Amino acid sequence: MIYEHHFDKVIKEFKKDGRYRVFNDIIRERGNFPKAIWYGKYAPKNIVNWCSNDYLGMGQNQYVIDAMHTALDQTGAGSGGTRNIGGTSQYHVTLERELASLHQRESALLFSSAYVANEWSIIALSRIIPNICFVSDNKNHASLIMGVKHSRADKIIFKHNDMEDLENCLKKAVKAKQTPCILFESVYSMDGDIAPIKDIVELAKKYSAITYIDEVHAVGLYGPTGAGYCEHLNLYSDDIDIINGTLGKAFGVQGGYISGNQKIIDAIRSVASGFIFTTSISPVMCAGAIASIKYLKDHDWLRREHQKKANQLKHMLNHAEIKVHENACTHIIPVMINDAFKCKTASDKLLNDYGIYIQPINSPTVESGTERLRIAPTPYHTDTMMVELVSALKNVLFK
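In the numbering used here, the protein residues as written are 1 to 399.
One thing to keep in mind: the hints can contain errors.
[What the hints assert, rightly or not] Each computed EDC-like pair below joins lysine to aspartate or glutamate, with the alpha-carbon atoms no more than 20 Å apart: (1) K294 with E4; (2) K175 with D165; (3) K263 with D241; (4) K35 with E305; (5) K394 with E326; (6) K263 with E106; (7) K15 with E367; (8) K323 with E388; (9) K399 with E321; (10) K323 with D348; (11) K16 with E29; (12) K297 with E98; (13) K342 with E305; (14) K171 with D154; (15) K205 with D238; (16) K206 with D162; (17) K394 with D339; (18) K155 with D241; (19) K205 with D165; (20) K399 with D383; (21) K172 with E202; (22) K309 with E388; (23) K15 with D339; (24) K297 with E106; (25) K394 with D353; (26) K349 with D339; (27) K342 with E13; (28) K172 with D199; (29) K314 with E326.
[Stated by the list, open to error] Estimated spans, in silico, between C-beta atoms of each pair: (30) H69 with H299: 12 to 22 Å; (31) G86 with N261: 25 to 35 Å; (32) Y236 with D339: 35 to 45 Å; (33) K205 with P130: 20 to 30 Å; (34) D154 with G40: 29 to 39 Å; (35) R30 with P130: 49 to 59 Å; (36) E29 with H69: 10 to 20 Å; (37) A267 with G40: 32 to 42 Å; (38) V271 with R97: 34 to 44 Å; (39) E29 with D66: 14 to 24 Å; (40) R152 with R30: 37 to 47 Å.
Since the hints were derived computationally from the structure, they do not count as laboratory data.
Computed from a predicted structure; not experimentally measured.
Backbone N, C-alpha and C fix where the C-beta goes; we use that ideal spot for every residue, glycine too.
Start from the sequences and build out the full structure, keeping to the hints where you can.
Spelled out as C-alpha coordinates, the structure:
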(Lines of atoms letter the chains of each structure in order from A; the text may use other names.)
(Lines give C-alpha, C1' and ligand atoms only; values in the text may rest on other atoms or scores of the structure.)
Protein backbone atom coordinates (compact mmCIF):
# COMPACT_ATOMS: atom_id res chain seq x y z
CA MET A 1 0.00 0.00 0.00
CA ILE A 2 1.21 3.49 -0.88
CA TYR A 3 0.80 6.05 1.91
CA GLU A 4 -0.13 8.95 -0.35
CA HIS A 5 -0.24 11.59 2.39
CA HIS A 6 3.57 11.48 2.61
CA PHE A 7 3.91 12.24 -1.08
CA ASP A 8 1.18 14.88 -0.96
CA LYS A 9 2.97 16.61 1.93
CA VAL A 10 6.21 16.88 -0.08
CA ILE A 11 4.44 18.36 -3.11
CA LYS A 12 2.56 20.90 -0.97
CA GLU A 13 5.79 21.99 0.75
CA PHE A 14 7.49 22.54 -2.62
CA LYS A 15 4.56 24.60 -3.89
CA LYS A 16 4.29 26.60 -0.66
CA ASP A 17 7.83 27.98 -0.80
CA GLY A 18 8.10 28.33 -4.59
CA ARG A 19 10.38 25.35 -5.21
CA TYR A 20 7.89 23.32 -7.25
CA ARG A 21 9.27 22.70 -10.73
CA VAL A 22 7.19 22.96 -13.90
CA PHE A 23 8.64 21.32 -17.01
CA ASN A 24 7.74 23.17 -20.19
CA ASP A 25 6.97 21.09 -23.27
CA ILE A 26 9.50 22.34 -25.84
CA ILE A 27 10.18 21.12 -29.37
CA ARG A 28 13.41 22.35 -30.97
CA GLU A 29 13.15 23.29 -34.63
CA ARG A 30 15.85 21.55 -36.64
CA GLY A 31 17.90 24.07 -38.60
CA ASN A 32 16.28 27.01 -36.81
CA PHE A 33 18.18 27.08 -33.50
CA PRO A 34 17.62 28.78 -31.03
CA LYS A 35 13.98 29.03 -32.08
CA ALA A 36 11.60 26.40 -30.78
CA ILE A 37 7.92 25.61 -30.30
CA TRP A 38 6.33 25.64 -26.86
CA TYR A 39 3.27 23.48 -26.38
CA GLY A 40 1.45 25.61 -23.83
CA LYS A 41 -1.85 25.10 -22.08
CA TYR A 42 -4.00 26.46 -24.88
CA ALA A 43 -1.98 26.33 -28.10
CA PRO A 44 1.54 25.93 -29.52
CA LYS A 45 3.65 29.10 -29.54
CA ASN A 46 6.84 30.07 -31.37
CA ILE A 47 9.56 30.98 -28.89
CA VAL A 48 13.26 31.81 -28.59
CA ASN A 49 15.18 29.56 -26.21
CA TRP A 50 17.58 31.55 -24.00
CA CYS A 51 18.47 28.84 -21.47
CA SER A 52 19.66 25.88 -23.54
CA ASN A 53 22.84 24.08 -22.53
CA ASP A 54 23.43 23.34 -26.21
CA TYR A 55 25.78 26.31 -25.99
CA LEU A 56 27.09 26.19 -29.56
CA GLY A 57 24.06 24.74 -31.30
CA MET A 58 25.93 21.54 -32.15
CA GLY A 59 22.77 19.52 -31.66
CA GLN A 60 21.66 21.10 -34.93
CA ASN A 61 24.97 20.78 -36.77
CA GLN A 62 24.55 18.98 -40.08
CA TYR A 63 27.79 17.00 -39.75
CA VAL A 64 26.62 15.71 -36.36
CA ILE A 65 23.18 14.81 -37.67
CA ASP A 66 24.63 13.05 -40.74
CA ALA A 67 27.03 11.04 -38.58
CA MET A 68 24.16 9.94 -36.36
CA HIS A 69 22.04 8.95 -39.38
CA THR A 70 24.90 6.82 -40.69
CA ALA A 71 25.35 5.07 -37.34
CA LEU A 72 21.61 4.53 -36.99
CA ASP A 73 21.41 2.91 -40.41
CA GLN A 74 24.43 0.73 -39.62
CA THR A 75 23.74 -0.34 -36.03
CA GLY A 76 20.09 0.31 -35.22
CA ALA A 77 18.79 2.19 -32.20
CA GLY A 78 20.45 0.94 -29.01
CA SER A 79 23.78 -0.44 -27.90
CA GLY A 80 22.58 -3.91 -26.99
CA GLY A 81 23.73 -4.04 -23.39
CA THR A 82 26.33 -3.05 -20.84
CA ARG A 83 29.90 -2.49 -21.98
CA ASN A 84 30.75 -5.98 -20.70
CA ILE A 85 27.85 -7.70 -22.47
CA GLY A 86 27.65 -6.59 -26.10
CA GLY A 87 27.51 -2.87 -25.37
CA THR A 88 31.00 -2.02 -26.59
CA SER A 89 31.23 -1.11 -30.26
CA GLN A 90 33.85 0.50 -32.44
CA TYR A 91 31.92 3.74 -31.93
CA HIS A 92 32.47 3.59 -28.16
CA VAL A 93 36.15 2.72 -28.54
CA THR A 94 36.72 5.50 -31.10
CA LEU A 95 34.91 8.09 -28.98
CA GLU A 96 36.97 7.25 -25.89
CA ARG A 97 40.16 7.58 -27.93
CA GLU A 98 38.93 10.91 -29.31
CA LEU A 99 38.18 12.20 -25.81
CA ALA A 100 41.57 11.08 -24.48
CA SER A 101 43.24 12.84 -27.41
CA LEU A 102 41.17 15.99 -26.87
CA HIS A 103 42.36 16.27 -23.27
CA GLN A 104 45.87 15.03 -24.04
CA ARG A 105 45.42 12.14 -21.63
CA GLU A 106 46.18 8.45 -21.93
CA SER A 107 42.63 7.23 -21.52
CA ALA A 108 38.94 8.13 -21.22
CA LEU A 109 35.84 6.32 -20.00
CA LEU A 110 32.25 6.87 -21.18
CA PHE A 111 29.27 7.00 -18.82
CA SER A 112 25.57 7.47 -19.46
CA SER A 113 25.82 11.07 -18.19
CA ALA A 114 28.32 13.43 -16.61
CA TYR A 115 26.29 13.20 -13.39
CA VAL A 116 26.76 9.43 -13.30
CA ALA A 117 30.43 9.85 -14.24
CA ASN A 118 31.01 12.17 -11.29
CA GLU A 119 29.02 10.18 -8.77
CA TRP A 120 30.51 6.78 -9.58
CA SER A 121 34.06 7.93 -10.20
CA ILE A 122 34.09 9.44 -6.72
CA ILE A 123 32.60 6.30 -5.21
CA ALA A 124 35.20 4.25 -7.09
CA LEU A 125 38.04 6.44 -5.80
CA SER A 126 36.91 5.76 -2.24
CA ARG A 127 37.12 2.01 -2.93
CA ILE A 128 40.51 2.27 -4.58
CA ILE A 129 42.11 4.60 -2.00
CA PRO A 130 40.90 3.53 1.49
CA ASN A 131 42.20 6.61 3.32
CA ILE A 132 40.93 9.16 0.82
CA CYS A 133 39.44 12.44 2.06
CA PHE A 134 37.42 14.51 -0.39
CA VAL A 135 38.06 18.23 -0.11
CA SER A 136 35.13 19.78 -1.91
CA ASP A 137 34.13 23.33 -2.91
CA ASN A 138 30.85 24.27 -1.22
CA LYS A 139 29.28 25.29 -4.53
CA ASN A 140 30.00 22.05 -6.32
CA HIS A 141 27.37 20.39 -8.48
CA ALA A 142 24.90 17.91 -6.95
CA SER A 143 26.63 15.03 -8.75
CA LEU A 144 29.89 15.73 -6.89
CA ILE A 145 28.05 16.20 -3.61
CA MET A 146 26.12 12.96 -3.98
CA GLY A 147 29.23 11.11 -5.08
CA VAL A 148 30.97 12.10 -1.87
CA LYS A 149 27.90 11.27 0.22
CA HIS A 150 27.45 7.83 -1.34
CA SER A 151 31.16 7.07 -1.13
CA ARG A 152 30.91 7.26 2.69
CA ALA A 153 34.47 8.55 2.71
CA ASP A 154 35.63 11.41 4.89
CA LYS A 155 35.03 14.87 3.50
CA ILE A 156 35.97 18.46 4.23
CA ILE A 157 34.10 21.35 2.61
CA PHE A 158 35.94 24.56 1.74
CA LYS A 159 34.43 27.97 1.02
CA HIS A 160 33.84 28.62 -2.65
CA ASN A 161 37.05 29.64 -4.40
CA ASP A 162 38.66 30.50 -1.03
CA MET A 163 42.28 29.38 -1.28
CA GLU A 164 43.12 30.12 2.35
CA ASP A 165 40.27 27.91 3.49
CA LEU A 166 41.25 25.22 0.98
CA GLU A 167 44.80 25.17 2.33
CA ASN A 168 43.53 24.82 5.89
CA CYS A 169 41.38 21.88 4.79
CA LEU A 170 44.34 20.23 3.07
CA LYS A 171 46.45 20.67 6.18
CA LYS A 172 43.72 19.02 8.24
CA ALA A 173 43.54 16.02 5.88
CA VAL A 174 47.31 15.58 5.77
CA LYS A 175 47.55 15.86 9.55
CA ALA A 176 45.02 13.03 9.81
CA LYS A 177 47.27 10.97 7.49
CA GLN A 178 44.64 10.92 4.76
CA THR A 179 45.01 11.23 0.99
CA PRO A 180 43.28 14.48 0.00
CA CYS A 181 41.35 14.69 -3.26
CA ILE A 182 40.26 18.18 -4.28
CA LEU A 183 36.90 18.27 -6.04
CA PHE A 184 36.08 21.44 -7.95
CA GLU A 185 34.63 22.81 -11.17
CA SER A 186 36.20 25.04 -13.76
CA VAL A 187 33.07 27.02 -14.72
CA TYR A 188 30.33 27.15 -12.08
CA SER A 189 27.04 26.92 -13.91
CA MET A 190 24.78 28.93 -11.62
CA ASP A 191 27.00 31.92 -10.81
CA GLY A 192 28.91 31.95 -14.10
CA ASP A 193 32.27 32.30 -12.35
CA ILE A 194 35.56 30.41 -12.64
CA ALA A 195 37.67 28.54 -10.12
CA PRO A 196 41.23 29.79 -9.47
CA ILE A 197 42.48 26.60 -11.10
CA LYS A 198 46.20 27.38 -11.12
CA ASP A 199 46.12 28.26 -7.42
CA ILE A 200 44.31 25.01 -6.67
CA VAL A 201 46.91 23.06 -8.65
CA GLU A 202 49.74 24.70 -6.69
CA LEU A 203 48.13 23.77 -3.38
CA ALA A 204 47.48 20.23 -4.61
CA LYS A 205 51.17 19.80 -5.43
CA LYS A 206 52.20 21.30 -2.10
CA TYR A 207 50.06 18.83 -0.15
CA SER A 208 50.27 15.85 -2.56
CA ALA A 209 46.54 16.01 -3.25
CA ILE A 210 44.64 14.39 -6.11
CA THR A 211 42.93 16.89 -8.40
CA TYR A 212 39.48 16.12 -9.83
CA ILE A 213 37.92 18.83 -11.98
CA ASP A 214 34.42 19.04 -13.45
CA GLU A 215 34.72 20.73 -16.85
CA VAL A 216 31.10 20.13 -17.87
CA HIS A 217 30.38 23.80 -18.63
CA ALA A 218 33.76 24.38 -20.27
CA VAL A 219 34.44 21.48 -22.65
CA GLY A 220 33.87 22.53 -26.23
CA LEU A 221 33.81 26.18 -25.18
CA TYR A 222 37.33 27.07 -24.01
CA GLY A 223 40.83 26.32 -25.21
CA PRO A 224 42.18 26.35 -28.79
CA THR A 225 40.60 22.95 -29.55
CA GLY A 226 37.69 23.08 -27.10
CA ALA A 227 39.23 20.83 -24.46
CA GLY A 228 38.06 23.18 -21.70
CA TYR A 229 39.47 25.64 -19.21
CA CYS A 230 42.45 23.47 -18.36
CA GLU A 231 43.56 23.68 -21.97
CA HIS A 232 42.84 27.43 -21.93
CA LEU A 233 45.30 27.73 -19.02
CA ASN A 234 47.82 25.24 -20.48
CA LEU A 235 47.31 22.78 -17.63
CA TYR A 236 47.83 19.13 -18.47
CA SER A 237 48.23 15.69 -16.89
CA ASP A 238 50.92 16.73 -14.41
CA ASP A 239 48.53 19.33 -13.03
CA ILE A 240 45.06 17.77 -13.17
CA ASP A 241 44.62 14.06 -12.44
CA ILE A 242 41.02 13.48 -13.52
CA ILE A 243 38.83 15.56 -15.84
CA ASN A 244 35.08 15.10 -15.94
CA GLY A 245 33.19 16.29 -19.01
CA THR A 246 29.89 16.00 -20.79
CA LEU A 247 28.73 15.33 -24.34
CA GLY A 248 25.32 16.83 -23.59
CA LYS A 249 26.11 20.53 -23.53
CA ALA A 250 28.56 22.21 -25.94
CA PHE A 251 28.96 18.96 -27.91
CA GLY A 252 25.20 18.84 -28.40
CA VAL A 253 24.42 15.16 -27.86
CA GLN A 254 24.30 13.01 -24.69
CA GLY A 255 26.56 11.19 -22.25
CA GLY A 256 29.45 11.91 -19.90
CA TYR A 257 33.02 10.82 -19.34
CA ILE A 258 36.20 11.04 -17.34
CA SER A 259 39.73 11.30 -18.71
CA GLY A 260 43.13 10.76 -17.17
CA ASN A 261 46.06 8.39 -16.66
CA GLN A 262 45.45 4.91 -18.12
CA LYS A 263 45.85 3.08 -14.78
CA ILE A 264 43.52 5.52 -13.01
CA ILE A 265 40.81 5.15 -15.65
CA ASP A 266 41.22 1.37 -15.84
CA ALA A 267 40.88 0.99 -12.07
CA ILE A 268 37.75 3.16 -11.98
CA ARG A 269 36.34 1.16 -14.92
CA SER A 270 36.87 -2.01 -12.93
CA VAL A 271 35.08 -0.99 -9.72
CA ALA A 272 32.46 1.66 -10.64
CA SER A 273 29.10 -0.11 -10.46
CA GLY A 274 27.36 2.82 -12.14
CA PHE A 275 29.48 2.06 -15.19
CA ILE A 276 29.62 -1.72 -15.04
CA PHE A 277 25.89 -2.41 -14.65
CA THR A 278 24.43 0.28 -16.93
CA THR A 279 23.52 -0.15 -20.59
CA SER A 280 26.04 1.80 -22.64
CA ILE A 281 25.01 4.87 -24.59
CA SER A 282 23.82 4.24 -28.12
CA PRO A 283 26.42 4.04 -30.93
CA VAL A 284 24.26 6.70 -32.59
CA MET A 285 25.10 9.12 -29.76
CA CYS A 286 28.76 8.13 -29.94
CA ALA A 287 28.84 8.89 -33.67
CA GLY A 288 27.32 12.32 -33.10
CA ALA A 289 29.78 13.06 -30.31
CA ILE A 290 32.79 12.04 -32.42
CA ALA A 291 31.66 14.33 -35.24
CA SER A 292 30.97 17.20 -32.84
CA ILE A 293 34.35 16.96 -31.08
CA LYS A 294 36.23 16.86 -34.39
CA TYR A 295 34.22 19.78 -35.76
CA LEU A 296 34.82 21.96 -32.72
CA LYS A 297 38.52 21.18 -32.73
CA ASP A 298 38.73 22.80 -36.17
CA HIS A 299 36.23 25.67 -35.75
CA ASP A 300 37.49 28.00 -33.05
CA TRP A 301 35.42 30.81 -34.59
CA LEU A 302 32.34 29.35 -32.88
CA ARG A 303 33.98 29.79 -29.47
CA ARG A 304 35.04 33.33 -30.30
CA GLU A 305 31.55 34.22 -31.51
CA HIS A 306 30.06 32.64 -28.42
CA GLN A 307 32.16 34.82 -26.12
CA LYS A 308 31.40 37.87 -28.22
CA LYS A 309 27.65 37.34 -27.88
CA ALA A 310 27.90 36.71 -24.12
CA ASN A 311 29.94 39.87 -23.56
CA GLN A 312 27.60 41.90 -25.76
CA LEU A 313 24.54 40.76 -23.84
CA LYS A 314 26.16 41.42 -20.45
CA HIS A 315 26.96 44.95 -21.60
CA MET A 316 23.36 45.48 -22.72
CA LEU A 317 21.96 44.20 -19.44
CA ASN A 318 24.32 46.39 -17.47
CA HIS A 319 23.29 49.43 -19.52
CA ALA A 320 19.63 48.60 -18.81
CA GLU A 321 20.45 48.33 -15.07
CA ILE A 322 19.36 44.70 -14.94
CA LYS A 323 21.28 43.01 -12.15
CA VAL A 324 23.62 40.19 -13.16
CA HIS A 325 25.46 38.08 -10.57
CA GLU A 326 28.50 40.05 -9.46
CA ASN A 327 30.93 37.19 -10.09
CA ALA A 328 29.66 36.21 -13.53
CA CYS A 329 32.61 36.29 -15.94
CA THR A 330 31.84 33.51 -18.41
CA HIS A 331 29.24 32.68 -21.06
CA ILE A 332 26.66 32.05 -18.32
CA ILE A 333 24.62 35.13 -17.36
CA PRO A 334 22.55 34.83 -14.16
CA VAL A 335 19.99 37.65 -13.85
CA MET A 336 19.33 37.93 -10.13
CA ILE A 337 15.71 37.98 -8.95
CA ASN A 338 16.29 36.85 -5.33
CA ASP A 339 12.73 35.65 -4.74
CA ALA A 340 11.30 32.26 -5.72
CA PHE A 341 7.77 33.40 -6.60
CA LYS A 342 8.95 36.52 -8.44
CA CYS A 343 11.42 34.41 -10.40
CA LYS A 344 8.72 31.95 -11.52
CA THR A 345 6.33 34.80 -12.34
CA ALA A 346 8.98 36.57 -14.43
CA SER A 347 9.74 33.36 -16.31
CA ASP A 348 6.04 32.77 -17.02
CA LYS A 349 5.50 36.33 -18.26
CA LEU A 350 8.51 36.17 -20.55
CA LEU A 351 7.21 32.95 -22.07
CA ASN A 352 3.52 33.85 -22.34
CA ASP A 353 3.79 37.51 -23.28
CA TYR A 354 7.05 37.71 -25.23
CA GLY A 355 7.82 34.20 -26.50
CA ILE A 356 11.09 34.19 -24.54
CA TYR A 357 11.99 30.98 -22.73
CA ILE A 358 14.19 31.20 -19.61
CA GLN A 359 13.54 28.68 -16.87
CA PRO A 360 13.59 29.96 -13.25
CA ILE A 361 16.45 28.67 -11.09
CA ASN A 362 15.23 28.17 -7.54
CA SER A 363 16.27 26.23 -4.41
CA PRO A 364 17.77 23.66 -3.99
CA THR A 365 19.78 24.37 -7.17
CA VAL A 366 20.73 27.72 -5.63
CA GLU A 367 20.35 29.00 -2.09
CA SER A 368 16.94 30.31 -1.11
CA GLY A 369 16.88 34.07 -1.62
CA THR A 370 19.31 33.95 -4.56
CA GLU A 371 16.83 32.83 -7.24
CA ARG A 372 17.70 33.82 -10.77
CA LEU A 373 17.00 33.60 -14.48
CA ARG A 374 19.99 31.83 -16.00
CA ILE A 375 20.62 33.11 -19.52
CA ALA A 376 22.83 31.21 -21.97
CA PRO A 377 23.46 33.16 -25.18
CA THR A 378 24.77 31.24 -28.18
CA PRO A 379 26.52 32.24 -31.41
CA TYR A 380 23.11 32.00 -33.09
CA HIS A 381 21.22 34.53 -30.98
CA THR A 382 20.94 37.61 -33.19
CA ASP A 383 21.30 41.26 -32.23
CA THR A 384 17.54 41.63 -32.69
CA MET A 385 16.89 38.75 -30.31
CA MET A 386 19.13 40.39 -27.71
CA VAL A 387 17.38 43.75 -28.02
CA GLU A 388 14.00 42.02 -27.65
CA LEU A 389 15.25 40.07 -24.62
CA VAL A 390 16.53 43.13 -22.77
CA SER A 391 13.35 45.07 -23.56
CA ALA A 392 11.17 42.21 -22.31
CA LEU A 393 13.21 41.85 -19.11
CA LYS A 394 12.85 45.57 -18.39
CA ASN A 395 9.09 45.35 -18.83
CA VAL A 396 8.74 42.23 -16.70
CA LEU A 397 11.12 43.23 -13.91
CA PHE A 398 10.54 47.00 -13.62
CA LYS A 399 6.90 47.58 -14.54
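For this structure, which hints from the list above don't hold up? Per hint list: 1, 11, 13, 20, 34, 37 and 38 violated.
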